[in-house]
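These protein sequence lines are chains E and Y, in that order. If you're matching positions, the first sequence starts at 743 in our numbering and goes up one per residue. If you're matching positions, the second sequence starts at 743 in our numbering and goes up one per residue.
Among the clues, some could well be false.
Remember, identical chains collapse to one label, so a pair may be satisfied in a single copy or spanning two.
[What the hints assert, rightly or not] Simulated crosslink set (EDC-like; lysine to aspartate or glutamate; CA at most 20 Å straight-line):
1. Lys-881 - Glu-831
2. Lys-837 - Glu-793
3. Lys-837 - Glu-879
4. Lys-881 - Glu-802
5. Lys-855 - Glu-802
6. Lys-841 - Glu-831
7. Lys-855 - Glu-757
8. Lys-881 - Asp-797
9. Lys-855 - Glu-831
10. Lys-855 - Asp-773
11. Lys-881 - Glu-772
12. Lys-858 - Asp-872
13. Lys-855 - Asp-872
14. Lys-841 - Glu-757
15. Lys-855 - Asp-888
16. Lys-881 - Glu-757
17. Lys-837 - Glu-760
18. Lys-858 - Glu-793
Keep in mind that the hints were calculated from the coordinates and are not lab data. In this text, all values refer to a predicted model and were calculated from it rather than measured experimentally.
There are 2 protein chains.
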Amino acid sequence: MSDTLDTLENITYDELQEGDSATYVKTLTEDELVLFAAVSGDVNPVHLDSEFAADSMFQERIAHGMWSGSLISAALATVMPGPGTIYLEQSLAFKRPVKLDDTLTVTLTVLAKERKNRVTLSCDVRNQNDERVVTGEAKVIAPTEDVPEQATATKNYHSALAYTGH
Amino acid sequence: MSDTLDTLENITYDELQEGDSATYVKTLTEDELVLFAAVSGDVNPVHLDSEFAADSMFQERIAHGMWSGSLISAALATVMPGPGTIYLEQSLAFKRPVKLDDTLTVTLTVLAKERKNRVTLSCDVRNQNDERVVTGEAKVIAPTEDVPEQATATKNYHSALAYTGH
Numbered sequence: 743m744s745d746t747l748d749t750l751e752n753i754t755y756d757e758l759q760e761g762d763s764a765t766y767v768k769t770l771t772e773d774e775l776v777l778f779a780a781v782s783g784d785v786n787p788v789h790l791d792s793e794f795a796a797d798s799m800f801q802e803r804i805a806h807g808m809w810s811g812s813l814i815s816a817a818l819a820t821v822m823p824g825p826g827t828i829y830l831e832q833s834l835a836f837k838r839p840v841k842l843d844d845t846l847t848v849t850l851t852v853l854a855k856e857r858k859n860r861v862t863l864s865c866d867v868r869n870q871n872d873e874r875v876v877t878g879e880a881k882v883i884a885p886t887e888d889v890p891e892q893a894t895a896t897k898n899y900h901s902a903l904a905y906t907g908h
Numbered sequence: 743m744s745d746t747l748d749t750l751e752n753i754t755y756d757e758l759q760e761g762d763s764a765t766y767v768k769t770l771t772e773d774e775l776v777l778f779a780a781v782s783g784d785v786n787p788v789h790l791d792s793e794f795a796a797d798s799m800f801q802e803r804i805a806h807g808m809w810s811g812s813l814i815s816a817a818l819a820t821v822m823p824g825p826g827t828i829y830l831e832q833s834l835a836f837k838r839p840v841k842l843d844d845t846l847t848v849t850l851t852v853l854a855k856e857r858k859n860r861v862t863l864s865c866d867v868r869n870q871n872d873e874r875v876v877t878g879e880a881k882v883i884a885p886t887e888d889v890p891e892q893a894t895a896t897k898n899y900h901s902a903l904a905y906t907g908h
């Protein structure tokens, strides 16, 4: 949850249990949609131009599918397992378009713990109507130690959030 | 190539051939790294705080892995097949960290054309030292028609680029 990011903590490999679940919630603002176009370079008019998008199959501007992917990444990196996680693999299946002001909930569930601190998690992303928009699986190396306190004093954190008006 | 985005064109399903290849190049600026933290919500200090990152296993600030994923998405959406592509699935394996000022080249290659305009492409992302940083496969529905001319007059395109100083 973005409200709790000032106190980033992690869940170590030993603490994680199969079946454990955690969520991460974020709403798509127009600023974020335009910024995602900028940082990725995907400036397709279906994302940026409301008149063009009105004539498209989606009838309105839609988010980049990979924005939903980036929320899964953020959920892994900030909630479970959290800081210290090393990202190995991700699969994504894009099921439904995401539109402006949609609020997405990422639910991560631990599927399996393997050797060498590897953990496989299912990743389910739903909108505010409980419709699945993205599904996939992640494989990570979970942290083996708690992050030190200074890890949570994130420089540039507030300047990052300022870009999106939070 | 971001220089050519003013004239977005696409490659239709019928025009695509197995073995066809295309590239997309982008350099990671500090602005983009901070913006990706903002739009995803992943504000881990390994991405944002150079002092913290200096003590990490990577020894300096690294990009979010999913930023590289977003470049694959942009390559599919702007270069091959280009506008009108519908994104179905993506797999990603993160092989090496990406650092500030790294220039990544995404190479897409058509692996297979299937029924209902489905196309599978391999996705290879390398840095300026020709080291593979991300690899994966994409499945898309390729466009069946050329995009209309007005599709390239992207509103918000220049405001998107202005965020990252281009």
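Okay, which hints does this one fail, numbers in order?
As far as the earlier hints go, 2, 4, 5, 8, 10, 11, 12, 13, 14, 17 and 18 are violated by this structure, in ascending order.
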